[in-house]
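**Q** Here is what each chain is made of, one letter per residue.
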Amino acid sequence: SQTIHQWPATLVQPVGSPLSLECTVEGTSNPNLYWYRQAAGRGLQLLFYSVGIGQISSEVPQNLSASRPQDRQFILSSKKLLLSDSGFYLCAWSRAGLLAKNIQYFGAGTRLSVL
Amino acid sequence: DAKTTQPPSMDCAEGRAANLPCNHSTISGNEYVYWYRQIHSQGPQYIIHGLKNNETNEMASLIITEDRKSSTLILPHATLRDTAVYYCIVRGGGADGLTFGKGTHLIIQP
Numbered sequence: 001s002q003t004i005h006q007w008p009a010t011l012v013q014p015v016g017s018p019l020s021l022e023c024t025v026e027g028t029s030n031p032n033l034y035w036y037r038q039a040a041g042r043g044l045q046l047l048f049y050s051v052g053i054g055q056i057s058s059e060v061p062q063n064l065s066a067s068r069p070q071d072r073q074f075i076l077s078s079k080k081l082l083l084s085d086s087g088f089y090l091c092a093w094s095r096a097g098l099l100a101k102n103i104q105y106f107g108a109g110t111r112l113s114v115l
Numbered sequence: 116d117a118k119t120t121q122p123p124s125m126d127c128a129e130g131r132a133a134n135l136p137c138n139h140s141t142i143s144g145n146e147y148v149y150w151y152r153q154i155h156s157q158g159p160q161y162i163i164h165g166l167k168n169n170e171t172n173e174m175a176s177l178i179i180t181e182d183r184k185s186s187t188l189i190l191p192h193a194t195l196r197d198t199a200v201y202y203c204i205v206r207g208g209g210a211d212g213l214t215f216g217k218g219t220h221l222i223i224q225p
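Chains as they are written, first to last, in our numbering: chain A, 1 to 115; chain B, 116 to 225.
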């Protein structure tokens with residue numbers, strides 16, 4: 001069966017510090033991968049998605065970047081965190097191909113507090 | 116993606132069927148209706164999806180009207196663990212991301 005791992009679960013970082021959140025998927029190959037953010041009291045917002053190694057699509061301009069160095073690894077980064085980067089970060093995956101209907105499966109999330 | 120409209124909140128008694136409506140009057144012919152839910156402080160969970168026909172799985176049933184302009188998610192025997200925000204999403208099956216609205220906060224009452 002497929003499993004998605006996100007870490008850490010909770011993170012407290014000072015303003016201006018760097019960020020690296022990692023997401024890995026097990027039990028499948030060539031998945032589509034996604035990063036979402038949920039700010040306090042707000043809805044889920046798509047940040048990035050990737051359909052293959054080195055292929056990243058950005059949905060909104062922001063202080064963050066994403067990379068996919070391996071097939072089942074997706075990394076969310078920032079060089080200098082802002083207070084507005086606080087939120088609940090979720091990684092998701094879906095099977096490639098139209099027959100899979102892009103049903104997405106989410107990780108447990110990382111709760112980031114920037115102070 | 117087509118726009119969806121859901122009531123902001125609903126209550127349901129434990130053990131009864133919970134019926135969550137969704138309007139999607141601008142849905143196009145190749146767009147599916149998906150339902151996800153998010154229990155507090157957890158990642159969203161896929162529930163069910165459909166195109167034209169009604170669908171049922173181990174979690175829920177999805178009823179889509181004949182004109183496809185609205186649908187209803189049915190949880191047949193709601194439990195306290197079904198308390199969550201339920202999102203109705205209409206989109207094609209491509210690889211791009213999901214657009215989450217505000218959803219319906221379903222509260223199951225004991």
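For the record, the hints were derived by calculation from the structure and aren't laboratory data. Hints are supplied without guarantee of correctness; some may be wrong.
The following residues of chain B were derived to be distant from chain A, with all beta-carbon distances above 12 Å [claimed, not checked]:
no., residue
1, 120
2, 126
3, 127
4, 168
5, 173
6, 175
7, 184
8, 187
9, 225
Restricting the straight-line Cα-Cα distance to at most 30 Å, the calculated cross-link-like pairs of lysine-lysine (BS3-like) are [stated by the list, open to error]:
no., chain 1, residue 1, chain 2, residue 2
10, B, 184, B, 167
11, B, 167, A, 80
12, B, 118, B, 167
13, B, 167, B, 217
14, B, 118, A, 80
15, B, 184, B, 217
16, B, 217, B, 118
17, B, 184, A, 101
18, B, 118, B, 184
19, B, 184, A, 80
Derived coverage of chain A by chain B (criterion: at least 3 residues anywhere in the stretch with Cβ under 8 Å from a Cβ of chain B; other residues may be distant) [stated by the list, open to error]:
no., stretch
20, 9-19
21, 26-38
22, 44-58
For every residue, glycine included, the Cβ atom is placed at its ideal position computed from N, Cα and C.
**Q** Taking the earlier hints as the rules, which of them does this structure contradict?
**A** 11, 14, 19, 20
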